[in-house]
Amino acid sequence: MMKQSKTNKMGELRLMKGNEAFAEAAIRAGVDGYFGYPITPQSEVIEYLMAEKPHERTGMVVLQAESEVASINMLYGGGGSGKKVMTSSSSPGISLMQEGLSYMAGGEVPCVVANVVRGGPGLGDIQPAQSDYFQSVKGGGHGDYRLPVLAPSSVQEMSDFVPIAYELAFRYRTPVLIISDGLIGQMMEKVELFDQMPRLTDEEINELYPWATNGKPKGKKRRVITSLDLDPYKLEKHNFKLQSKYKTIEAEEVRCEIIECEDADYIIIAYGSSARISQKAIQLAREEGLKVGLLRPITLWPFPKKPINELVEKGVKGILSVEMSAGQMVEDVKLAVRERTKVEHFGRYGGVIHSPEEVLEALKNQIIGD
Amino acid sequence: MSEITIKDIIKPENIVYEKTSLMTDKSLSYCPGCGHGTTHRLVMEVLEELGQENDTIGVAPVGCSVLAYEFMNIDMQEAAHGRAPAVATAIKRLWPDKIVFTYQGDGDLAAIGTAETIHACNRGEKIVIVFINNGIYGMTGGQMAPTTLPGMKTSTSPYGRDVNSMGNPLKITELIAQLPGTYYVSRQAVHTPSAVRKAKKAIKKAFQNQLDDKPGLSFVEVVSNCNSGWKMEPVASNVWMEENMFPYYELGDIKLEGNLL
Amino acid sequence: MTEEIIIAGFGGQGVLSMGKIIAYSGIMQNQEVSWFPAYGPEMRGGTANVTVILSDERISSPTLTAYDTAIILNQQSMDKFESTVKPGGILIYDPNGISKHPTRTDINIYTIEGARIAAEMGNTKIFNMVVLGGYLEVKPLVKLDNVIKGLKKSLHERYHKLIPLNEDAINMGMRNVKKTA
Ligand SMILES: Cc1ncc(C[n+]2csc(CCOP(=O)(O)OP(=O)(O)O)c2C)c(N)n1
Ligand code: SF4
Ligand SMILES: [Mg+2]
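Going down the list, the sequences are from chains R, H and G.
Take the first sequence: its position 150, counted from the start at 1, is 150 in this note's numbering, and no numbers get skipped.
All you need for this note's numbering is the position in the second sequence, starting with 1, plus 1000.
All you need for this note's numbering is the position in the third sequence, starting with 1, plus 2000.
With the rest of the complex left out, here is chain R (with noise of 0.2 Å):
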């Protein structure tokens, strides 16, 4: 299911945090300009990048924005304009990027936003959390919109997911998500980071994205990249394209990961860090002689429907949805099982992470009983 992007690795192996290994790939994945504010537990990001001179490296701009208001907006011009931007942020400071994110969706600008979420509602604390997904998922801002999410797990993929995200930004004119947490954001691993990638030069970028709005070609009709139409038919047209747009989206861009599932009577469904800690919690279980298997969305939007449906068919009897949240996901969970096997919720929430130990306990409790 796990599709392939399209960049090659020499072996090239560091230890880093994931933070930097996503700040690294945005200068190899080719990206033309970041714009971000800082907030914990992100900020190595813009650190990062600040200390690497990427100008000097691939010609890319770096810049501390006044604001995440500010910062969303400038992808906005930048994205608007053809070029590869991106920003990064967590919760609070996404939260603010909610109405330029709907602007984006509307004019159909391509940009990528990486959300390293931390415990909320409100300030919250700067510990890992997963209580972004509805406000990831469903929309966020307002109108009928959807952004492709992706969810990496480790800190290579927080390296790898930088290319697929802009490869889908640009083939469907929209804003992407990766949505990690303060564990996948601060801790460290082996990364074999991909070759660097060259930046499109503006001529590729006029023939590859004739919507851009770079200067008016001569002799061509002019562009204009907005969201905005007064006329309510026209506006409903242009949300029916959208939502082919979504429709062909769902159909085409599910990723995820299928652990040990062959035999499971049980299925943990769970993404990014807690598919980690989950992970071991089905070695435990295994090492019980419980038969148990991990699903492992990698897209949160589009959510693996298809593949949480099979299993229902293939007869599991429980699945328990394990994130970090008061229980968001869940609620996708429950929509694509439609009642036909027992769902329920685990997780600890507002920056406590769950133990190995807590997600079996919580299994054997509510999924298996006795």
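In case anyone wonders, no lab produced these hints; they're calculated from the structure.
Mixed in with the good hints, there may be bad ones.
As the list claims (entries may be wrong) - List time: in silico DSBU-like cross-link candidates among lysine-lysine, alpha-carbon distance up to 35 Å: (1) R:Lys218 x H:Lys1011; (2) R:Lys306 x R:Lys53; (3) R:Lys9 x G:Lys2153; (4) R:Lys220 x H:Lys1200; (5) H:Lys1019 x R:Lys218; (6) H:Lys1026 x R:Lys218; (7) R:Lys305 x R:Lys234; (8) R:Lys280 x R:Lys334; (9) H:Lys1011 x H:Lys1214; (10) H:Lys1214 x H:Lys1098; (11) R:Lys280 x R:Lys237; (12) H:Lys1198 x H:Lys1171; (13) G:Lys2125 x G:Lys2161; (14) G:Lys2152 x R:Lys9; (15) R:Lys234 x H:Lys1011; (16) R:Lys218 x H:Lys1200; (17) R:Lys306 x R:Lys6; (18) H:Lys1171 x H:Lys1205; (19) R:Lys314 x R:Lys291; (20) R:Lys317 x R:Lys241; (21) R:Lys216 x H:Lys1231; (22) R:Lys218 x H:Lys1204; (23) R:Lys218 x H:Lys1214; (24) H:Lys1201 x R:Lys218; (25) G:Lys2152 x R:Lys53; (26) R:Lys317 x R:Lys138; (27) G:Lys2139 x R:Lys291; (28) H:Lys1098 x R:Lys220; (29) R:Lys9 x G:Lys2161; (30) H:Lys1214 x H:Lys1200.
Chains H and G with the ligands: place on chain R using the hints.
For chains H and G with the ligands alone, coordinates are given in the frame of chain R:
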């Protein structure tokens, strides 16, 4: 003497003024007599005269001029309310050889977008900002703006702006002129032919600065009427503007070549 | 093979960098590694800890509640982590500044006088290398030359001249680690 018909008059040799091709044929959505239309035309004339139609990206605001991109026949982006300077910042940074400008009202630039305005000015972004100050929120039906004069009645200051509770009119132009990042700052009007000529010169200077890669942002405020919002006839609104707005918002250059006057 | 380690002490003792060197050494011998520090307010009050995992297989959870090895460098960390060592596991600590010594009998407990040895060697900064040496002696999972390679990777070039000193410190640690009765 045979009668002269209109056909005899409309001949190429009689042309004294032509609409710039950088304005589309779409009829303007502005109220008759409103300064927005004139200012649009000036910006487009300047870009045509400077030969920049293929190398310019304009950023429209939210306000009456939200549809500026319908009238300006160049590549345009429509920004969220107040965010045009951020949008323009990125375009200019990523396309440094292109000409980039924003066109914004007072609510857009000096209320909801104050941070974006001040920081783009402070970073010295090499863009042009054209700022239409009509002392009111025209688009949404005449509410108080940060630039509304003391005592001025609007739909949200129905008894007149009480500066004690509603604050004083914000001279954002004087404020940003203080920042080292601004290179040229001027305040103009477009209500008379001579004012239009001066305003055009200022707008042209602003774009010329960008073409010459001058260090910093060029900012032109146009004090304009909003006859609908002010609930006046167009001519009366211009008289009111001269008598009330100009004493508060004095016309003329404020900063030249990076030096405050 | 999977080795799950917690290293805990004061900030400034080189807890995080010791973890980083172990992780880099793992990479040098083709293992999977993870390094997850406590960050933010957890670090207030000057404590620091990091979970390091080395494995021949893909690593599942980077955070844990039970460890094969605990390397403990202050009393607060002793209070917090003594109980988290798996039965049969290893606890290594510097007795310097420890008032309540570990009491478990189902684990193997070692002491390494890191602070004293580093001071005697004339450089308190190599404290964490002495302790690392103690760990490598007790659990020789990573080879010394891979540790040196890891050191090279994790130190900026301008500090490479300090590598021989670090190597000496590791050797001193290896020679001086003691099993408690
Ligand atoms: C986030 C947001 N808040 C409020 C509005 C409503 N709104 C649209 S235009 C406007 C004020 C425009 O005033 P100004 O910038 O002075 O432009 P004018 O119409 O006077 O030219 C407001 C409040 C909006 N579109 N978006
Ligand atoms: S409402 Fe005011 S600003 Fe808007 S078009 Fe009419 S006169 Fe101009
Ligand atoms: Mg106004």
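Which of the listed hints are broken here? 2, 9, 11, 15, 20 and 21
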